[in-house]
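For the sequence shown, the working numbering gives the first residue as 1, with consecutive numbering after it.
Note that these hints are calculated values from the structure, not bench results.
From the three backbone atoms N, C-alpha and C, an ideal C-beta is built for every residue, glycine too.
Warning: the hint list may mix true and false statements.
To be verified - Using C-beta positions, here's what the derived DEER-type ranges look like:
hint: 1; residue 1: Ser33; residue 2: Pro167; range: 44 to 50 Å
hint: 2; residue 1: Gln111; residue 2: Gly169; range: 19 to 25 Å
hint: 3; residue 1: Arg133; residue 2: Arg6; range: 28 to 34 Å
Stated by the list, open to error - With a Cα cut of at most 16 Å, we get these calculated EDC-like pairs of lysine to aspartate or glutamate:
hint: 4; residue 1: Lys205; residue 2: Glu116
hint: 5; residue 1: Lys205; residue 2: Glu112
hint: 6; residue 1: Lys161; residue 2: Asp174
hint: 7; residue 1: Lys16; residue 2: Glu112
hint: 8; residue 1: Lys16; residue 2: Asp109
hint: 9; residue 1: Lys16; residue 2: Asp98
hint: 10; residue 1: Lys205; residue 2: Asp109
hint: 11; residue 1: Lys188; residue 2: Asp162
hint: 12; residue 1: Lys48; residue 2: Asp84
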Amino acid sequence: MVLTERDRQVLSFLVKYRFCTREHMLRAGFFPSDKVCLRRLGVLAGAKFIRAGSVGRTRYYFLAPAGGLEVGLTDADTARRYRDAPAETVVRHLVWGDFALARGVGYLDRQEALEELRRLGANLTSSVLLTARGVKLYYSNNDLHVLLADTGQANFLRRVKDLARLPPGLFHLDVLVYGRARQAQLQKVLASRARRATIIVSTWKY
């Protein structure tokens, strides 16, 4: 099979986000319609460049080893990228993809995040919490933002509190939730904190 430039863009997209849906591909502008998207992803899966899985009624795609080779993937995280994951992990990545595409932002990888926090003078506690699993860092209007999404994790409120205690001038905290009750709960949590924070309410789809 001969890969097209669009195919390579799709593979690179999966490197970036790890797990993606057809909706993500369409929003990124790779395909003119869902029908074309479904057909081409089926071809790539049949040729073993990508793999597919399902969480609930949502079908998602992730990179296969042959696809990684085509885009020159050689990082130390390669083996993990080629594996499927528990539903909780998949959903977290899908939510991150939704947010990034909706806001037009790009996340820092862990090494980039560590270097940026070091440049900003963050202490060890801040650096550990801000590069932990489940947290994403990105820049918007020259401000460092930290995204934490409520995807059902048991320690969500504790993590919000931990992030809210960090030095207020270091970053802007974005908390993505699904429901007004959770929004009200977080407003109480953040009310006493001297921290720039935004609670974003969205619609759950997974």
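Handout entry: Indices of hints not satisfied (ascending)
Key = Checked against the structure, the hints that fail are numbers 4, 5, 10, while the rest are satisfied.
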